Structure formats: structure tokens, C-alpha cells
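There are 2 protein chains.
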Amino acid sequence: MLAEIITIGDEILIGQIVDTNSAWMAQQLNAAGIRVKQISSVSDQKAHIITALNEAQQRADIILITGGLGPTKDDITKTTLAEYFGVGMRRDDDALENVKQIFARYNRPLLEVNLHQADVPANCEVISNKNGTAPGMWFHENSKVFVSMPGVPFEMKYIMDEAVIPKLKAMFQLPYIYHKTILTVGEGESFLAERIADIEDALPAHIKLAYLPKLGSVRLRLSGYGDNEAQLTKEVNDQANRIIERVSNVIAADDDIALEKAILDKMAAQQLTLSVAESCTGGYLSHLFTQHAGSSQVFLGGTVSYSDELKKSILGVQEETLWQHGAVSRETVNEMLNGALLNFKSDYAIAVTGIAGPGGGTPEKPVGTVWIAVGNATGKLIKTYSFGNKRTQNIERTATAALGMLNTLLADVNK
Amino acid sequence: MLAEIITIGDEILIGQIVDTNSAWMAQQLNAAGIRVKQISSVSDQKAHIITALNEAQQRADIILITGGLGPTKDDITKTTLAEYFGVGMRRDDDALENVKQIFARYNRPLLEVNLHQADVPANCEVISNKNGTAPGMWFHENSKVFVSMPGVPFEMKYIMDEAVIPKLKAMFQLPYIYHKTILTVGEGESFLAERIADIEDALPAHIKLAYLPKLGSVRLRLSGYGDNEAQLTKEVNDQANRIIERVSNVIAADDDIALEKAILDKMAAQQLTLSVAESCTGGYLSHLFTQHAGSSQVFLGGTVSYSDELKKSILGVQEETLWQHGAVSRETVNEMLNGALLNFKSDYAIAVTGIAGPGGGTPEKPVGTVWIAVGNATGKLIKTYSFGNKRTQNIERTATAALGMLNTLLADVNK
Chain A
24 MLAEIITIGD
34 EILIGQIVDT
44 NSAWMAQQLN
54 AAGIRVKQIS
64 SVSDQKAHII
74 TALNEAQQRA
84 DIILITGGLG
94 PTKDDITKTT
104 LAEYFGVGMR
114 RDDDALENVK
124 QIFARYNRPL
134 LEVNLHQADV
144 PANCEVISNK
154 NGTAPGMWFH
164 ENSKVFVSMP
174 GVPFEMKYIM
184 DEAVIPKLKA
194 MFQLPYIYHK
204 TILTVGEGES
214 FLAERIADIE
224 DALPAHIKLA
234 YLPKLGSVRL
244 RLSGYGDNEA
254 QLTKEVNDQA
264 NRIIERVSNV
274 IAADDDIALE
284 KAILDKMAAQ
294 QLTLSVAESC
304 TGGYLSHLFT
314 QHAGSSQVFL
324 GGTVSYSDEL
334 KKSILGVQEE
344 TLWQHGAVSR
354 ETVNEMLNGA
364 LLNFKSDYAI
374 AVTGIAGPGG
384 GTPEKPVGTV
394 WIAVGNATGK
404 LIKTYSFGNK
414 RTQNIERTAT
424 AALGMLNTLL
434 ADVNK
Chain B
24 MLAEIITIGD
34 EILIGQIVDT
44 NSAWMAQQLN
54 AAGIRVKQIS
64 SVSDQKAHII
74 TALNEAQQRA
84 DIILITGGLG
94 PTKDDITKTT
104 LAEYFGVGMR
114 RDDDALENVK
124 QIFARYNRPL
134 LEVNLHQADV
144 PANCEVISNK
154 NGTAPGMWFH
164 ENSKVFVSMP
174 GVPFEMKYIM
184 DEAVIPKLKA
194 MFQLPYIYHK
204 TILTVGEGES
214 FLAERIADIE
224 DALPAHIKLA
234 YLPKLGSVRL
244 RLSGYGDNEA
254 QLTKEVNDQA
264 NRIIERVSNV
274 IAADDDIALE
284 KAILDKMAAQ
294 QLTLSVAESC
304 TGGYLSHLFT
314 QHAGSSQVFL
324 GGTVSYSDEL
334 KKSILGVQEE
344 TLWQHGAVSR
354 ETVNEMLNGA
364 LLNFKSDYAI
374 AVTGIAGPGG
384 GTPEKPVGTV
394 WIAVGNATGK
404 LIKTYSFGNK
414 RTQNIERTAT
424 AALGMLNTLL
434 ADVNK
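If you read the protein sequences in the order shown, they are chains A and B.
What the first sequence shows, in the numbering used here, is residues 24 to 438, in sequence order.
What the second sequence shows, in the numbering used here, is residues 24 to 438, in sequence order.
Honestly, I wouldn't trust all of these hints.
It does not matter which identical chain is used: a pair holds within one copy or between any two.
Dumping the calculated EDC-like pairs for lysine to aspartate or glutamate here, alpha-carbon to alpha-carbon at most 16 angstroms [stated by the list, open to error]: (1) Lys203 / Asp33; (2) Lys406 / Asp33; (3) Lys190 / Glu332; (4) Lys203 / Glu34; (5) Lys237 / Glu178; (6) Lys237 / Asp250; (7) Lys388 / Asp261; (8) Lys413 / Glu178; (9) Lys368 / Asp116; (10) Lys203 / Glu258; (11) Lys289 / Glu343; (12) Lys368 / Glu332; (13) Lys192 / Glu135; (14) Lys231 / Asp116; (15) Lys413 / Glu343; (16) Lys231 / Asp67; (17) Lys406 / Glu268; (18) Lys257 / Asp184; (19) Lys257 / Glu217; (20) Lys289 / Asp279; (21) Lys237 / Glu106.
Simulated from the structure, these hints should not be mistaken for laboratory data.
Quick caveat: nothing in here was measured; it's all calculated off a predicted structure.
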């Protein structure tokens, strides 16, 4: 079963936004056993959209379209789809009710232009969009499925998860695909590959292994293709367990979850609490934890002590330590860790300090120099890293390294 | 002058990587006066690549192709291009020398498979790639330009900057395109559209206005197309100024920058400092500020006081306030703000507290209830919002709302 994705909107074609929707949609489709043949980004022009629809439906069975559904004049997807299918427009009662409810909830006056959000091509089935005023639209024409969705990522994702993927699964006889993901941290892709080379070489043809590296952590994804769900699941899980046993020292989770979520889960199970003292990561570590529901059970909070003053006043770092060793040093990060454990009264803490760049580097401590400490009342790990000269990467790599260190410490404690 | 971008490779189609190359290339092309008509991601299959080339050259004058130039068997771009143009392959001396130098530099043995990196279609002009073994290739056939480049971002960017853009500028008489973006916060897309409807309707045909909304902020982008650079720039800026004057109360920047960067820039210009007391945003606000280089000039840091204990110990929120009004209340956020200003010694502070969800809601304070305070020694704004039941959105919307309130307060102070 083949699909194509068409994204509509000039903002992608002028490079103002990066199209992250398509990769997410491709992941969901692949997981459901549907291959993506082509992804096309086209302009907000009727003739161009129609050409793209014609080309896509010649190659694929399912055409997913995002974008161009806003209330303003440059949004022409709906009228173009109506023209493409040779139908008129109708005002959909459910979509209208949804628009009214959303405006009522936010206490905003409902303008005429907003009512048009409920207008859809006459031949579509409306898919409810609880997160926005633009409805999703499902068309079944000439044995092909066309779905039009808003380009706003969380609206598109809701419609995909709640309606599009389930409807496609119900409609088509899709092959069974079972994915099992193992999350590792602290070892590079090629080293992992060496350690499990014999397991990988001995995999049966219908099970594939992919390495998905991302800034210091590597996901190993086993994908099995077959018809017998129970047998395939067991086969893939057996292979996964062989890998987990082999590289157990770098395993963070035997599931496709975020690294920080794996840590939150482990700590929650042991009723442990965590606090942070962040400098160069500037709140990013806290944000990683707190984006997850239920994180408050483990994560108490902490400080973003970007200035030396706050390192002293909130964490109790000594003036003399900063003066003698500098803010980016083993001594400072150690005092930051101790300050967090003492003041924030958590079981474990993470402290980071470093030079994210692009300014602030010196010959001895170039941009990318980072010190990280993790620990509890009885044990700690302190390490330094050199991450290079890109600010965003330095922040992300520092966070991943800190999470990896905490993962190691928690594993050692439980041995 | 129209261009199309074709990216070749299954890793985009299975959603393993997000295509960031195309947005970057589109930016460079637009800045050079070349409009991008379509961006297509296609699979590593000869027939599919040839179809994509045929479709693109019917719509555009310039076709830029990335990917599929590696040494492994699934990389077939070069032989496909040779077939497309009906020519054979030749080994290029300069490209071969480059491959040899790169292998010598890294002390790696040169395998036969690596020599093939210097093989190119006979009709191409080779573009040197100093960052990798795959050469860029420039084709001029049937009055169309085709350029093939590696998909590795820093190799592609080098070839674009050093060769492709300069060659295109030398070859074509390019129109001038001027984009001007206005960043607004605090008013929805349709309300903005109503307020400036007459300005939009009166725009000349060669100037277009686009609305780019994102969780509480809306970018207004004017794009002008013409030949006379000075005149066009003035025309677009005049239109932008009319819009800015009309909706001045919601303007954050007259430039295409992030909202928090606009605030950092304004505060840096006035040598003002900022701290935060975050609860439900959990470090996200701090992260927004600190991702920007130079933020430490303004942003001192603050606390992620996720637990009630930390609200008391770090910010000095009163036990009685929490007990009587709850952690999510006007009284608590007010004390958080006062605590931040007092303890972190910044000119301005932001305090947020709310129920991000999915747990923690009550009938009186459902998930999505948020209190935000921004202020300095002499003035403050305190507001409550109801953002709904999605955790990630609640965090992002709260941050945007807080930034909008600070933007308003800074504007009022400067009146």
C-alpha cells in the first residue's frame, strides 16, 4: 500500500519553516504498514495543487494533504479540492458547532470569516478537529483516499492519531509490522554495531535492524514483517532480548521512549526524587523532564543559575571557588551538585556548567567545554566533555550526557 | 525564475530524518531572487527519480537535486542522471584527486568503491566538494540547469554557497524579491486580518501578504517581487509600516525573529535584566531565552519551582498563601514574582504557575488553568488563562502568553 504526502503553503517553499510534519506522518504510516512514495511541498496556487494531486494519485493509493486551511485569503485548499472533485461547497453542521464551541471557550466574538471554517467540499466526510477550527476532510474517490488536514502540527497529529490511521487500518488489508525499539545511551553507533555484529548478521530476512543515532543516544529498532502476529512478536522480542543482554551496560529502556522519560519511570518506581542545577543548559534539562505527564512525582525543580550571583545565592557556590577555578570547573559543578542536594532536598541531583558559545571561550576552556555532576547522598559521578562550537548542539549534547550519567549511576546503585 | 528541489533517499520517506536541507536551500534561492515552485522527496529508485526530473523540468528552469551520491549500492543518482541525459560515465581527474586527498588526510585505505566517487555523467561540469568525496555536478541541457549535490548538510551548503548561487546569479537576469516580516503577539490571525483588511485589499499585485500563526503569535510576511531593488524595498517597507502603525499594540518586532529574541534585544538595548520563576512551564521559558547566543547579557536565570517546597524555600511564597489560595492562584503567582525580583535581583521578572495536565485539575481549576505575572519594581501585570487539556500546548501557550505580557509591559513603560 503506497501513500503520498502533499504539504501546501508558501512558508515551506521560501524556507521560513522546516517541514517536520511530513517526517512524523511518514513514521506513522510506515508503522501501520503503509509505504510513502513521495513527499511534495507545493505553493498556495490552485493550478499547482491540482497538478500535484493528479501526479500523486497516479503513483499512490492514499494521498495525505496538509496546510492551506486557515481562514485567510491565501488559504485555498478547500475550494481547490472541490474543483478537483467537481463538486460544490457545503456548510457542515458538526464543523460549525466545533467552531462555535472553540470561540465560546475562549470568549472571542465569532466573525463571518470564522464561519467559513465550517465550509467543506460537498463530497467529503468531515473529521472532527478538537484542537482547531479547520476540520479534517476524508475523500474516497476513484478507489483512492484523499485526506486534507490543517498544517498546524498538533492539530494534524490529533487528526492522524484519532481518525486517519484507524480508518486506513480498517479500510485496507495491511501487512503486520512489529517494531521493537531499544534505547541506548553512552556508546556510539559504530561501537554498538561491532558489539552486536554477530546477532545482526544472524537475523532472519524478515527482521531488520536500524540504528537511529541522535546526539549521544542511539535507538536500535528491530522491525519484523509477516502475517502471524503472535509468532512475529515473539521472534522480534527474542532478538531484542539477545541485544539487550549483550549491551546491558548502555541500555536506558527496552521501549521507544525518550531518555529522560526512561529515567523518570525508573525513579518513580523507586519513589526517588530529582532536582537540577543548570547553567549552560539554561532550563533545557528541566524542560525535558517536565514535558512528560506525571514528572512532578519525581522532579521537584531546581534552578537555572545562569549568572555567577545566582550560583552563589541559590546554590551556595563559594565566591572563592568561582574566583580560583572559574564557573566552568570540576570544583564549581561539585558545589552546584551539593547545593542542589542540600537546598532542594531531593534524593538525586544533576548539575551542569559549561560554555555553550558562541562567545565566552578561552584557549584553556574553549566553547563546548562542559562539566557535569550527578549524584545522591552516597555517591556521585563528575565528568568533563568537549562538545564543539555549536550552541544548540552543546545544550542538547550536555543534556543527553547528563541523562546518560544519571542512567549509569541509577543502574550501578541497583546492582 | 523558478526552481525546484528534489531530495533523493528513503530515510526521509520513512521519517527517519527531517529534511532541513530544503528549507535552507529555499532561503538561499529566494534571497537570490529565485522562487521555489516545488520541493519533492523521492525514493532511491531509478524510474521514480526520472519521473521527478521530468515533472520538475516542465515547471521550473533550475532543478537542484540532493542525495543518493554515497558509495553504497542504494545510491543511484549519478547513473540515473546519465541515463536521463542519454550519456555515459567518465572518471573526473579533479574529483579523483579530491577523493585521494581526503583519504590521505584521514589515513584511510582507498578502496575501489571509493574511486567510483570520481565517476560522473559525461555531460556534467564538476563542482569541487572540499568537505567530502562526492562531487557536485552542474548540467546545462535544453535551456535548463540541473545541479546534483550530496545530501550531507554541510557538504551541500558549501557547494551552494561557493558555486551554485554565484553561478546562477551570473547566468540569469534575476528579479529582485524582498521579504519583510512583522512579528505580532496577543491577537489571533482572523482578528489581525480584520484590522488590516483595507491595507491588505489595497496591496499592489506584486506585493503579497501571508499570515503565519503559531500558538499565540502571528507573523505577517510581506513579499514583494520586482526589478528595482531600491524602489521595491521602499514600497514593501512602506506597506509594513502602515500595518505596524495600525496594530502597534501587538507588535513584538519588525523582523523575522523569535518572540523571546525580540524581548532579549529590547532589554539588552536598555541594559535591563530578567529572571524567571517557572512552575508549569518547567524550564521551557528559560530554555527559550538561553537558546539564543548572548542571552546571558539580559537573562540571569531563576528557578523551576515545581514543588510547593521550592516555591517556599527559593521564592519565599508563604505557606498560608499556598494553603488558602492554592499553588495556582493570583496570590501565589504574585508572591512568586515578588520573590524572583527580590532574590534574583533582576530588573524584570516573569512568574508562571498552572496546571499543565493531564492530571491535577479540579472543577474550579481545570487542567489548562494558568496564572502569569510579569513586572518590575514599579509595575506589574497579572493575568489568568484557560488553555485546554494538552500538556505540551499548555506549556508552549503559557510561555508565549508570558512573553506577550512582558512585551506589552516593556512597550507601556517606554511610552
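Checked hints:
no. : hint            : result
1   : Lys203 / Asp33  : between (36 angstroms within a copy, 14 angstroms between copies)
2   : Lys406 / Asp33  : neither (46 angstroms within a copy, 36 angstroms between copies)
3   : Lys190 / Glu332 : neither (57 angstroms within a copy, 47 angstroms between copies)
4   : Lys203 / Glu34  : between (34 angstroms within a copy, 13 angstroms between copies)
5   : Lys237 / Glu178 : between (26 angstroms within a copy, 12 angstroms between copies)
6   : Lys237 / Asp250 : neither (32 angstroms within a copy, 43 angstroms between copies)
7   : Lys388 / Asp261 : neither (46 angstroms within a copy, 47 angstroms between copies)
8   : Lys413 / Glu178 : between (32 angstroms within a copy, 11 angstroms between copies)
9   : Lys368 / Asp116 : neither (55 angstroms within a copy, 55 angstroms between copies)
10  : Lys203 / Glu258 : within (11 angstroms within a copy, 57 angstroms between copies)
11  : Lys289 / Glu343 : neither (37 angstroms within a copy, 34 angstroms between copies)
12  : Lys368 / Glu332 : between (21 angstroms within a copy, 9 angstroms between copies)
13  : Lys192 / Glu135 : neither (38 angstroms within a copy, 46 angstroms between copies)
14  : Lys231 / Asp116 : neither (47 angstroms within a copy, 33 angstroms between copies)
15  : Lys413 / Glu343 : neither (30 angstroms within a copy, 46 angstroms between copies)
16  : Lys231 / Asp67  : between (37 angstroms within a copy, 12 angstroms between copies)
17  : Lys406 / Glu268 : neither (26 angstroms within a copy, 53 angstroms between copies)
18  : Lys257 / Asp184 : neither (26 angstroms within a copy, 47 angstroms between copies)
19  : Lys257 / Glu217 : neither (25 angstroms within a copy, 59 angstroms between copies)
20  : Lys289 / Asp279 : within (15 angstroms within a copy, 42 angstroms between copies)
21  : Lys237 / Glu106 : neither (44 angstroms within a copy, 29 angstroms between copies)
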